[in-house]
Amino acid sequence: MEDSTENKKRSGIDQGGYVRQITELGLIVAEQEKVIARLEESWKTFRLVEDSMHDVIRLIDQEGFIRYASPSHMKVLGYAPETLLGKPLSDMIHPEDRETVKAFHARNQDTSAVDKMDYRLRHADGHYLWFEMTSHFVSVNEAGITGYVVCERDISERKQTDEALQQSENRYRAIFETTGSATLIINEEGTVILANHEAQELTGYSKEELEGGKKWQMFVHPEDLPRIEEYNRLRSADPAKAPRRYEFRMIDSLGREKYILNTVARIPGTALTISSSMDITDLKTAESSLRESEQKYRLLIEKANDAILIAQDGFIKFLNQKATSLMGYSDDDMTRIKFTEMIHPDDRQMVLERHRRRSQGESPPSLYQFRVITKSQNELVVEMNAIQITWEGKPAVLCFLRDITADKKIEERLMHVQKMEAIGTLAGGIAHDFNNLLMGIQGHASLMLLEIDPSHPHRERLKSIEEQIRSGANLTRQLLSIASGGEYSVRPADLNAVIEKTISMFARARKEVTIFKKFAADLWTVEVDQGQIEQVLLNIFVNAWQAMPKEGELYLVTQNMVLDDDFVIPYHLKSGRYVRLSITDTGVGMDERTKARIFEPFFTTKEIGRGTGLGLASAYGIIKSHGGFIEVTSEKNLGTTFRIYLPASSKQVQKEETPSVGLKKGKGTVLIVDDEKLNIAVTADMLEVLGYKVISAGSGQEAVYRYNEMKEEICLVILDMVMPGMGGGETFDTLKDINPEIKVILTSGYSLDGQAKGIMSRGCSAFLQKPFSINNLSQKLRQVLDEA
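Take the sequence shown: its position 735, counted from the start at 1, is 735 in this note's numbering, and no numbers get skipped.
Derived by calculation from the structure, the hints in this document are not laboratory data.
Treat the hints with care, since some could be wrong.
Said to hold, decoys possible - Restricting the straight-line Cα-Cα distance to at most 25 Å, the calculated cross-link-like pairs of lysine to aspartate or glutamate (DMTMM-like) are:
1. Lys215 to Asp238
2. Lys317 to Glu257
3. Lys207 to Glu257
4. Lys317 to Asp347
5. Lys303 to Glu379
Model, not experiment: these values are computed from the prediction.
Build out the structure end to end from the sequences listed, making use of the hints.
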């Protein structure tokens, strides 16, 4: 019973549980059916979306094979999706994009990020389309595939649009950059956002500086800024009332002021303004110059230092005041006279030939010189610059004439100075060689006179030889004066006193000449060799006397002068204080040709045998060597004036010393250095007569060797200045290095000037001019040896 009851209970429980299970199972099935229904609905929706979408979707495994392709492949790319499954995607990718896509997928795999890129896919018909691809890496999906879910959108039209826009922008950029004006794009705040190359050139700022936040106001001159800002306000309020084009002054990066013509316009559909600027500085300058020329050109033309005229058809059509004053004619006369009639007859053909060549299109030099004849028949040298122009519609010549008569005279003086320097160099060389010849004759004659009995019949002949030697030496002295002046003993002197002494000697012999003197009482001191200045004066006095055959007058005037650079430059001298002596005669005068040659050696107007032509030449050389110069003015039948200029000195006048006379003997060893064997021999003979022991050397090198060998015995060296190889200067310096206290007498066929002066200034004891006598030699030896 209990079992039965228990079974019934158990049976009731089981039945109730089963029912519940059946019920729960039914609920589950019903829920599953709902889910399936929803899935089927979702799938239908997905398929509907998939079929209607224009984007393509595909699944690609890691090897690049297509595992899924959306139906949209057919309408977008022309491929049936099932035909793509299992095929490599690379077959569809444009060859140029394959590596880029591969790298793109590899990058997405590393980052597990969604990224985008553009690339090209081949359509089924063979052409390529641009797609924007979004790719997402999937490690393992439900199908067990590891790869990429790719969604692609056809952007070919957009690409074409972008390319068209890029081409349009490139064209715009090319126009923007190559326009001939400086162009800026400016935003609402006035900031430059774009600037072309011309804008950089105009402002002086780089593109980076201009587009880096600069405002347009910074370029405008402060005085013009309010006006430009007012234009902008008007443009904002009423564009029709504001000028689109205006001028202003700009300040560039270097602070330079420029004139600008500016054009502004609003870019349609934007708040941007385009500003186009042109530099009109040159134009404004030209306009300003034109306005000024309209007001002032007459003043400039009239006050010009050059004569300005316009010649047309042979007559003068326009001229300035300088042209009339230059030629001496009135304005009316100048316009009535043919221009060629004012040209010197000898130059007329040359001027006409140049004009003809210029008129025919040739290019002869526009600047040239010729002579003109003034109304008063004066001859002037002018320099003309001729320019072919058009005047009142017809060909004409614009001429600028400058009077260079004074310049030509200075040029002639300079050329004369240079010619005299060249002649002087030649004369000095001749004198040097001749003095060396005279030295041998003089030495032997002196020795023979010492040894010959006073009653011997040859004594007078020897005395005559010595007299001829002195004449020859005097002739070479004049030649040396032409070369360098031969300054032997320069000391401060009163030029008035020197003139008085010389004129008294001249007046005693030339009583037919009346002399008038006007000497400055406060005449400045000059440093001169009085003997040479006396020679200059005597030469000029004699020349004046010869120019007055019967009788005449001689005027002597001294005065102090301060000369400027313009006056002394042609003579290569310094400006400053000078003493001037004017010597004027009333003789026959000279023509220009004679006057140009009077200072040339051997030039003379006397007949053959009546003069050497060295007097005025030596005078010129002596004055030049004293740092002065000579001017000459003369006219035929109106006399001649010589003006001698000597530099003034601040030293006190010294009295002239009287030289001692007589033969002085001595003792000691003397070294003679000379490359002429005859000079060595005759000098050695004279020294031995005077009691000295002699050592000789034929060159500078031998002299140094001899002196080193016997310097303890040698008391004095007689050194020739001009020798081949080691010259006198180098020899002296070497001997001086060996013995700073050495006593040296320098000898030369040249005078004490130039190189000799340099050696003397370095400590040489004395100078002895060749040819010298035994008496001269003895005096100079004792003078040097007796010095402490």
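Hints versus structure:
Proximity of lysine 215 to aspartate 238 is assessed by CA-CA distance (about 23 Å); at most 25 Å being required, the pair is judged to hold. The straight-line distance between the Cα atoms of lysine 317 and glutamate 257 is roughly 41 Å, outside the 25 Å bound, and the hint therefore fails. Between lysine 207 and glutamate 257 the CA atoms are separated by roughly 20 Å; this keeps the pair inside 25 Å, and the hint holds. Distance check on the hinted pair: lysine 317 and aspartate 347 sit about 22 Å apart at the alpha-carbon level, within 25 Å; holds.
In summary, the hint linking lysine 303 to glutamate 379 is supported, as the alpha carbons are separated by about 23 Å, within the 25 Å threshold.
Consistency note: the structure conflicts with earlier hint 2 alone.
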